[in-house]
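Fit chains B and C to the known structure of chain A by using the hints.
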Amino acid sequence: MTRFFAWSALLFGSLYFLLPLVGMTEFSLKMRRGEYSFDAYRRVFEDPRFWETFSYSLTLAVATIVVGVFLVAPTAYWVRLKLPQARPFVEFVTLLPLVIPAIVLVFGYIRLYNTSSWLPMTGSAFGTDILLTMGYTTLALPYMYRSVDTGLRTIDVATLTEAAQSLGAGWITILGRIILPNVMVAVLSGAFLTLAIVMGEFTMAALLNRPAFGPFMQLLGANRAYEPPALAVIAFAITWGCMGLMQLVTRFSKHERAKA
Amino acid sequence: MSFLTISHLEKAFGSNLVVKDFKLEVEKGEFISLLGPSGCGKTTVLRMMAGFERPTSGRIRIDGQEVTGLKANARNIGMMFQAYALFPNLTVADNVGFGLKVKGVARTEREARVAEMLDLISLSDMAGRFPFQLSGGQQQRVALARALAPSPRVLLLDEPLSALDAKVRVSLRNEIREIQQRLGITTIFVTHDQEEAMSISDRIVVMNAGIADQVGSPFEIYNRPTTRFVANFVGTLNTFSVKVEDSNLGKVRLAGQALTLPGGFASSGPEMAIALRPEALRLGREPGYETVVMGRIEDVHFMGSIIRLRARVAGESVVMDTFNRADQPPPKPGTEVEISLSGKDAIILRG
Amino acid sequence: MAKDKVRRAERRLPLEWLGILPFAIFSVLFLILPTMRIVTGAFQSPDGGFTLQNLADLNTASIRSAYWTSIKLSLISAGLGCAIGFAMAAAVIFGGLPKGVRSPLLTFSGVASNFAGVPLAFAFIATLGPVGLITVWLKTEFGINLRAMGFNLLSFWGLVITYLFFQIPLMILIITPALDGLKREWREAAAVLGATTAQYWRMVALPILFPSLLGTFALLFANAFGAVATAFALTGPQLNIVPIKLFAQIRGDVLGNPNLGYALAFGMILITVVANTIYIVLRVRSERWLK
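Protein chains in written order, with the numbering used here: chain A, 8 to 267; chain B, 595 to 945; chain C, 0 to 290.
For reference, chain A alone in the conformation it holds in the complex:
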């Protein structure tokens, strides 16, 4: 009886999740009348804006990951090692982006850093890019911090640090050569999640008027019929790829740990 309900729940769920995926794939192949073709994909790939926005978002994702790692890893390490009393504050801040909607944040950015403000970041394209990167870092903060902090919990930070110090290592060496390699898996899985978030992000990029992949998809969706589902398939593949890489590094690390 239980098993019957279990199978029904699973079946119902699977159907709900698979149908949209089937739907978008099927639709994306229907551009040519009467037969399936990859025409929609060819159109997408032939569009120069696809490549421009795609590489723009990719660049910003990499920048976000770099900023995020340099911001989160030392902080999480320092809080674990020297400042446990700062933990509630840091955790509260890292959870804020889950509570404050992105659209509210970016609204604050626009009003706070406009051309007539003390820090006119939106005045130039490059400044806006930096602002957008910071916005993305904020969005990724909860995931990045949690991932790195969990990674740090599995190693004995204090002992490793003291051992390295007693061997004469400086702070840069300790962080770069001792701590980071040990939490590399956590950092990487946080990085791939960040990549997935940034590649599809729409609100911030659209409101800051930057040519990112998300607004491009939206624009195409408003004007075309067959390209949008093709884009959806591509976006799904990107998300799947990011998650797959995340799993891969985790599995790799488990393997490594089992060997040790």
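Keep in mind that the hints were calculated from the coordinates and are not lab data. Positions of the beta carbon are idealized from the N, C-alpha and C atoms, including for glycine.
With a cut-off of at most 20 Å between alpha-carbon atoms, the simulated SDA-like pairs for lysine to any residue come out as follows:
| # | chain 1 | residue 1 | chain 2 | residue 2 |
| --- | --- | --- | --- | --- |
| 1 | A | K89 | C | L14 |
| 2 | B | K695 | C | T196 |
| 3 | C | K98 | A | Q254 |
| 4 | B | K837 | B | G863 |
| 5 | C | K182 | B | A677 |
| 6 | B | K665 | C | T195 |
| 7 | B | K697 | C | R186 |
| 8 | C | K98 | A | R258 |
| 9 | C | K182 | B | T685 |
Sample of chain C residues at the chain B side, in silico, Cβ under 8 Å:
| # | residue |
| --- | --- |
| 10 | K182 |
| 11 | E184 |
| 12 | W185 |
| 13 | A188 |
| 14 | A190 |
| 15 | V191 |
| 16 | G193 |
| 17 | A194 |
| 18 | T195 |
| 19 | V203 |
| 20 | R287 |
| 21 | W288 |
Using the frame of chain A, we list chains B and C on its own:
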């Protein structure tokens, strides 16, 4: 008909037969231990009694009622688990009252019974606490009270002491035994700790590879093990190879010295193995012992009231225990000593 | 000596706090200040003075209905997401399904919970839109006209169905470890004490899970409440929910009064803060038994 009867009980997981032809008759009020190494099937037997595992074949009867096909919640059995089994979201009192509450016992009656149970385990002042506020020993006492509160027909204990500190373990096991005797409840206790099993059981079932090797009182199990496994698993053994002189009269020779085996039995072959417990070997010449052999002390472990000596006798390394005496320091390693022993203490190893 | 030690400790304290200075600066600049700007802006008149007029201006039929629709959408999609996600996770963990189901389900949930926004809207348009796979299939094979039956993807319930695509997997991801944390001993102890499965769930398992369930519900609520991209790509600017209204306001399409935008955003913050306060209070009350 006994109070609890288990007949021809078998359990297979896939092609792996973990319990084979297990039978047991338990009288009302008896305290039975299932003793064996991990993986011997003792826990599986207990879980089949509780109703968590369905036997592949065989029957379980409690108080004349066939329970083999009954679900766990219809058996009216009490059970204590290794650890972490208290409901963390309920207070001590609510944990103890859980069984009564699900049975629909009225509030006042329930509260009286809970108070009685908490008094039994002397934790009345902890009634309002949550499990995380208790020590491990206190948690297990609450677990005992919770198991006993609905007045179960049988109490099952699944290694309830194994997660506790050594000291708490001993005091709690005494408390369990005391409460069990006071209530006269039929109890099955699973453990891998032979000392635990011997100190509180009326009878012990020694299990090995899914089979009940021997059933008997702690005294029988320790002194008259019927299989080599039981002899080795329970207590420490010194084995000797002896020459058979007369198999009918049970006369053998150990290191050239004559011994007479109990019951006048000796095997028909030219040689056989016998075993002696550490306390059956006595340092020096003791009156009333049949013979004396020479040995050389290899090691001395002073353990307080007991001194455990390791010596080489007739080419075998043996262990012997002597009581501490303030006026008599133990021999030093390397000294030659005389060791008294008797054929009547010998355990004859078969199988 | 003792004095020396005290002085050194005094000196060291601020130095150690320097270690999180970069993080503190970042969070002030890109989290706290922007939020404060919204809050203060909501109480400022265009000439900079204090006013409650902006908040009072929210009280129009259109804005009230936008908030109400947003709250309903978030509550319903979070509630359904929790219920269905819980059922699926419980089915896989306790339902006696083959072990091989679990890992793919979790991987897929990881992907689906991040497959939100614009492409998700495209996927649902391709499936349940006017010429979508299911719509057409139902019409040609069974003669069922979804549209005639009142179903429209570009509506409230269409949005709920679409949001569930990331809400359910998120629930599965968060609740699976919590379900794993239910010890077998608890279930078995309840059973030998005579409890039925339902009694075990009602008296033991659900109270233990309650904090996790509550936390996930709060997260799903915020997730749906702040979502812009999915709704915008699905329905364009016309659907009357708060984030879309705010989006349009920021782009300068409507309303005119810039300070009304502050008030609109402040209202969103207020609602998520209230939701999280309720969550924290309930959680503290339900967690008395936790260390």
